[in-house]
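> Using the sequences provided together with the hints, build the complete structure.
Counting from -19, one number per residue, gives the positions in the sequence shown under the working numbering.
Read the hints as simulated data drawn from the structure, not as lab findings. Cβ coordinates follow ideal geometry from the N, Cα and C atoms, glycine included. The reader is advised that the hints may include incorrect statements.
Stated by the list, open to error - In silico lysine to aspartate or glutamate, EDC-like type, Cα no more than 16 Å apart, as pairs:
| id | residue 1 | residue 2 |
| --- | --- | --- |
| 1 | Lys67 | Asp87 |
| 2 | Lys311 | Asp74 |
| 3 | Lys311 | Asp87 |
| 4 | Lys100 | Asp43 |
| 5 | Lys85 | Asp74 |
| 6 | Lys100 | Asp44 |
| 7 | Lys85 | Asp44 |
| 8 | Lys67 | Asp175 |
| 9 | Lys389 | Glu121 |
| 10 | Lys85 | Asp43 |
| 11 | Lys311 | Asp43 |
| 12 | Lys177 | Asp316 |
| 13 | Lys100 | Glu54 |
| 14 | Lys48 | Asp87 |
To be verified - Taking CB as the label site, the calculated pair distances span:
| id | residue 1 | residue 2 | range |
| --- | --- | --- | --- |
| 15 | Asp379 | Thr156 | 43 to 51 Å |
| 16 | Gly77 | Gly179 | 17 to 25 Å |
| 17 | Arg47 | Arg80 | 21 to 29 Å |
| 18 | Ala113 | Met400 | 17 to 25 Å |
| 19 | Ser39 | Ala359 | 40 to 48 Å |
| 20 | Gln120 | Phe380 | 20 to 28 Å |
| 21 | Trp60 | Arg335 | 31 to 39 Å |
| 22 | Ser383 | Ala287 | 13 to 21 Å |
| 23 | Tyr396 | Thr36 | 33 to 41 Å |
| 24 | Thr244 | Pro79 | 43 to 51 Å |
| 25 | Ser383 | Arg80 | 48 to 56 Å |
| 26 | Asn97 | Pro395 | 29 to 37 Å |
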Amino acid sequence: MAAIATAMAAACSGGAGRTTLPQIPHGSANPIRHVVFIVQENRSFNNFFLGYPGATTQSFGYDDTGRKRRLHSEPLAVVWDIDHSSKAFFLACDGRGQPRGTRCKMDGWNAEQVGFNAPKYAAYTYVRRGDVAPYWQMAQEYALADRAFASNLDGSFVAHQYIVAAYASGAVDFPTAQWGCEGGENDTVPTLLHDRKYGPTIPACFDNATIASEADAAGVSWRFYADVLNGTGGFWSSYQADRPIFRSGRWQTNVISPPAQFLTDVANGTLADITWITPTWTTSDHPGFGAGQGPAWVASVVDAIGASPFWNSTAIFIMWDDWGGLFDPVKPVYEDFDGLGFRVPLIVLSPYTPRGAVTHRQYETSSVLRFIENGFGLAPLAQSDARANDPALDPNLFDFNASPRPFHKIRGARPYTYWMSIQRRWGRQPAPLRDFGD
-19 MAAIATAMAA ACSGGAGRTT LPQIPHGSAN PIRHVVFIVQ ENRSFNNFFL GYPGATTQSF
41 GYDDTGRKRR LHSEPLAVVW DIDHSSKAFF LACDGRGQPR GTRCKMDGWN AEQVGFNAPK
101 YAAYTYVRRG DVAPYWQMAQ EYALADRAFA SNLDGSFVAH QYIVAAYASG AVDFPTAQWG
161 CEGGENDTVP TLLHDRKYGP TIPACFDNAT IASEADAAGV SWRFYADVLN GTGGFWSSYQ
221 ADRPIFRSGR WQTNVISPPA QFLTDVANGT LADITWITPT WTTSDHPGFG AGQGPAWVAS
281 VVDAIGASPF WNSTAIFIMW DDWGGLFDPV KPVYEDFDGL GFRVPLIVLS PYTPRGAVTH
341 RQYETSSVLR FIENGFGLAP LAQSDARAND PALDPNLFDF NASPRPFHKI RGARPYTYWM
401 SIQRRWGRQP APLRDFGD
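Here it is in structure tokens:
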């Protein structure tokens, strides 16, 4: 990545217990030329990594009556969902501070609304290691962050704006119809005010600066891989809510469908400087969709990069967009009116990542954007990326003085033909019924 001439000022709203690293340019010694941001859906850290060595996890929680609840295992692919809206965040947090959602007691998980066929105390669950073995292997071979939080406190619509813009114009929860500009001016989304009260609705189509707009201005290439808008995973295509991209030729040239096209592109020698990859229904890890293909899908993406000439110059971030209503014992730090949300998994892979490291430094969704910005000389977009710690400065995640490590294949990966057969089977199916927005 190019060196940056000047350090960027960061406005920070603070937060007790926050570990802030000095934010400085990466410099010319950084060998990373490509950043791949893989975004999966709706899992808390504790749900996927219970018992991971060196990480903070907990095998029990408490409900709002004070009763201790032992976590029970559920398979990865389930057909029930849990509310993960702002209301669910405030209930699960059970905060005693002001504004609401602060000084969390973390005992209100049983108060979250659950979908049809959900087991009793559905939030108090974990996924067995065998169901998510590729994720554990990636963490063991590379690095895992156990203090990573969603930048926003609600669900996927807002979260998917944070992965490209570090901001969502104060929007909260979900639009009334479409998830972006396609719905027109009558497609609106609620807002959350700075005192965490609900405000007026606004159109679900934004004009915010994004990583893409800054990259275009700087001559940095980018691609966003997502399902088609009418596909089962199309609502996770972030730039549909970004007017400058959606209403321009960039929507046709830079937003690529289906996501499995990434595997062919890399094999053919094409990898943008900045890449986002979002899932389809079956590959999402999202509760409620019967989605059991996520670990194999992510392993396939990682293996495609690892087998390519791009490996020695690529950093891969795998992060889940929100907690999905699932129990986690770590209290979120209050940074701003819309975050932080609950803890989510973050796996970091690169040839310069120490093997088996667990970092306890605080990260958030916008930390990946901070890494991109500092590496490519882009300015911060909003408060969340300006305050976010840069993973490049964490020796548990990157050691750029070390020789690049050879890639180790991740077990469970499938070829491109397999994913295209899944796409042909499910790509034209109606989107699944969504009890709680996404």
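> If a hint holds in the structure, say so; if it doesn't, say that too.
Hint check results:
Pair hint Lys67 plus Asp87 holds up; C-alpha atoms about 14 Å apart against a cutoff of 16 Å. A C-alpha spacing of about 11 Å is found between Lys311 and Asp74, which places the hinted pair at or below 16 Å, so the restraint holds. For the hint pairing Lys311 with Asp87, the CA-to-CA distance comes to about 11 Å; that is within 16 Å, so the pair holds. Distance hint between Lys100 and Asp43 is fulfilled; the C-alpha atoms sit about 12 Å from each other, no more than 16 Å.
Only pairs whose Cα atoms come within 16 Å are accepted, and Lys85 paired with Asp74 is accepted, the gap being roughly 5 Å. For the hint pairing Lys100 with Asp44, the CA-to-CA distance comes to about 15 Å; that is within 16 Å, so the pair holds. With a C-alpha separation of about 9 Å, the suggested pairing of Lys85 with Asp44 holds against the 16 Å cut-off. In summary, the hint linking Lys67 to Asp175 is supported, as the alpha carbons are separated by about 15 Å, within the 16 Å threshold.
Pair hint Lys389 plus Glu121 holds up; C-alpha atoms about 10 Å apart against a cutoff of 16 Å. Straight-line distance between C-alpha atoms of Lys85 and Asp43 comes to about 10 Å, which keeps the hinted pair within the 16 Å bound. Note on Lys311 and Asp43: the hinted pairing holds, with a Cα-Cα distance of about 15 Å set against a maximum of 16 Å. Between the alpha carbons of Lys177 and Asp316 the distance comes to roughly 13 Å, so the proposed pair stays at or under 16 Å and holds.
Simply put, Lys100 and Glu54 have alpha-carbon atoms about 12 Å apart, close enough for the 16 Å limit, and the pair holds. Distance check on the hinted pair: Lys48 and Asp87 sit about 9 Å apart at the alpha-carbon level, within 16 Å; holds. A C-beta distance of roughly 48 Å is found between Asp379 and Thr156, which places it inside the suggested range of 43 to 51 Å. In this structure, Gly77 and Gly179 meet the distance hint of 17 to 25 Å, their C-beta atoms being roughly 20 Å apart.
At roughly 23 Å, the beta carbons of Arg47 and Arg80 sit within the given window of 21 to 29 Å. Separation of Ala113 from Met400 is about 24 Å and conforms to the stated range, judged on CB atoms against 17 to 25 Å. Between Ser39 and Ala359 the Cβ separation comes to about 44 Å, which falls inside the hinted range of 40 to 48 Å. Between Gln120 and Phe380 the C-beta distance comes to about 22 Å, which sits within the given range of 20 to 28 Å.
One distance hint, 31 to 39 Å for the beta-carbon pair Trp60 and Arg335, holds here, with the actual separation near 37 Å. Range check, Ser383 to Ala287: about 19 Å between beta-carbon atoms, so the 13 to 21 Å window is met. Taken as a hint, the range 33 to 41 Å holds for the pair Tyr396 and Thr36, whose Cβ atoms sit roughly 37 Å apart. The supplied range of 43 to 51 Å is met by Thr244 and Pro79, whose beta-carbon atoms lie about 47 Å from each other.
Here the CB-CB span from Ser383 to Arg80 is close to 50 Å, well matched to the stated 48 to 56 Å. Range check, Asn97 to Pro395: Cβ separation about 34 Å, and the 29 to 37 Å hint holds.
Comparing the model with each numbered hint stated earlier shows that all of them hold.
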